Amino acid sequence: MDRREWPLWEVFIRSRNGLDHKHCGSLHAPDARLALQSARDVYTRRQEGTSIWVVRAEHIVASDPDAKAELFDPAADKIYRHPTFYVLPDDVNHM
Amino acid sequence: MYTQAMDIAAARGEDPAPGQVTDAGYQAEFDAKIDRGDFIEPKDWMPEAYRRTLVRQISQHAHSEIVGMLPEGNWIGRAPTLERKAILLAKVQDEGGHGLYLYAAAETLGVSRDTLVEALHAGRAKYSSIFNYPTLTWADVGVIGWLVDGAAIMNQIPLCRCSYGPYARAMIRVCREESFHQRQGYDLLLAMMSGTAAQRDMVQDAVNRWWWPALMMFGPHDAQSLNSGDSTRWGIKRITNDELRQKFVDATIPQAKLLGVTVPDPDLRWNEARGAHDVGAIDWDEFWSVVNGNGPCNQERLAARIRAWEEGAWVREAAMAHAAKSEARAAGGR
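As given, the protein sequences belong to chains L and Y, one line each in that order. Going by this note's numbering, the first sequence opens with residue 1, and the numbers climb by one from there. Going by this note's numbering, the second sequence opens with residue 1, and the numbers climb by one from there.
Calculated from the structure, these hints are not laboratory results. On a predicted model such as this, the values are computed, not experimentally measured, just so you know. Hints are not guaranteed to be accurate.
Residues of chain Y clear of chain L, computed beta-carbon distances all greater than 10 angstroms [said to hold, decoys possible]:
id	residue
1	I34
2	R84
3	A119
Derived lysine-lysine pairs resembling BS3-like cross-links, with alpha carbons at most 25 angstroms apart [as the list claims (entries may be wrong)]:
id	chain 1	residue 1	chain 2	residue 2
4	Y	K247	Y	K257
5	L	K68	Y	K43
6	L	K22	Y	K43
7	Y	K33	L	K68
8	L	K22	L	K68
9	L	K78	L	K68
10	Y	K43	Y	K33
Glycine is no exception: its CB is placed at the ideal position from the N, C-alpha and C atoms.
Using the sequences plus the hints, can you model the full thing?
Below you can see the structure in the form of structure tokens.
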């Protein structure tokens, strides 16, 4: 007898063509086929999607919240990466 | 659907003492985030008491959605028309979905689904006491939609802004779907009120039975709601029980008038000075009696959940065995 809990899957839905798949939640399922079926039942009851991805939660590699500063702060002082950093003459400022 | 004030267990002293803060730096960062109105996400550091409060509240909310399928499920086979049956099926399916969104949100706090379900079945976790009342007639289905889902919406809208990201996101999805629940209930009642005298009596009888339990869904008066302090400070609870109850009454009384029913409260008055309705005394003895397991349907509801869990065990096991076998075959181990 297998008393393990069904594995956890993360669900991503493309709401319509032209848009990215977006994370919308998670669910438990024994295999990929049932994960897709359940995702359809749980997350698209009102035409919220045209395409579903399911991924085993354990296969997702996430950044460490404690590393937030070293990962993301360096971008804060590089304002020259943004177009608004450059003030051009009025005649060409729409560039 | 849902829920009543979720702070009951703590208010009753059933919750263990808050954990010790081990790292003042983390705590300061957490407090600053809360003060700024930022969201807390699953992998962020959080005080143990915050985590525990959320696990209790979100899981009780999830249990309420699942147990809440039972009173209405009772009427699926006896809906008066195919259209009403399709609507009720969709609603009950939504409640199941809401339970799943919420279990998933609770699991992000590092607790397994099975642990939560076991706590319900062992009686350690509560669900909303409203579901311990029986659904005696078809009018009850309408009144549950109108009053019970209406009260739930009042309770749930502020939770869309709660500080824990996964809970807030789940609540946004729930609230988006819940509006249909209330409207179909009112629509059903309007149809019955345009029917025979017996049908109108049925509606009034259902309102008489559900009115007070619906008001109790908002939980004890603020003065008795001991755990609200922490929940408020942490941005989990945004509006007090009494404020929400007042909003619900003020929104509902005009709807009752339009429907042509009265609520069973001889002390109900419009208070011109407050610009709000005054409400008669709530029977809190009944409330605590139902919370503590002595409502009309407590045993039946819990027994139905346990039976479904136990009778479904072989399906869960077989599905896992099938998945393991298929995986082994695909790997060439046939």
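So, going through the hints one by one against the coordinates:
No Cβ of chain L approaches the Cβ of I34/Y within 10 angstroms, the least distance being about 16 angstroms, so the stated non-interface status holds. Consistency note on R84/Y: stated as away from chain L, and its beta-carbon is indeed over 10 angstroms from all of that chain's, at 18 angstroms minimum. A cut-off of 10 angstroms between C-beta atoms confirms that A119/Y is not in contact with chain L; the least separation is 15 angstroms. For the hint linking K247/Y to K257/Y, the alpha-carbon distance of about 17 angstroms falls within 25 angstroms, and the restraint holds.
Taking the CA atoms of K68/L and K43/Y, the gap is near 11 angstroms; set against the 25 angstroms cutoff, the hint holds. This hinted pair checks out: K22/L and K43/Y have alpha carbons roughly 19 angstroms apart, not beyond 25 angstroms. A hinted pair counts as satisfied when its Cα atoms are at most 25 angstroms apart, and K33/Y with K68/L qualifies at roughly 14 angstroms. At roughly 22 angstroms between alpha-carbon atoms, K22/L and K68/L fall within 25 angstroms of each other, so this suggested pair holds.
With a CA separation close to 17 angstroms, the supplied pair K78/L and K68/L stays within the 25 angstroms bound. Distance hint between K43/Y and K33/Y is fulfilled; the C-alpha atoms sit about 14 angstroms from each other, no more than 25 angstroms.
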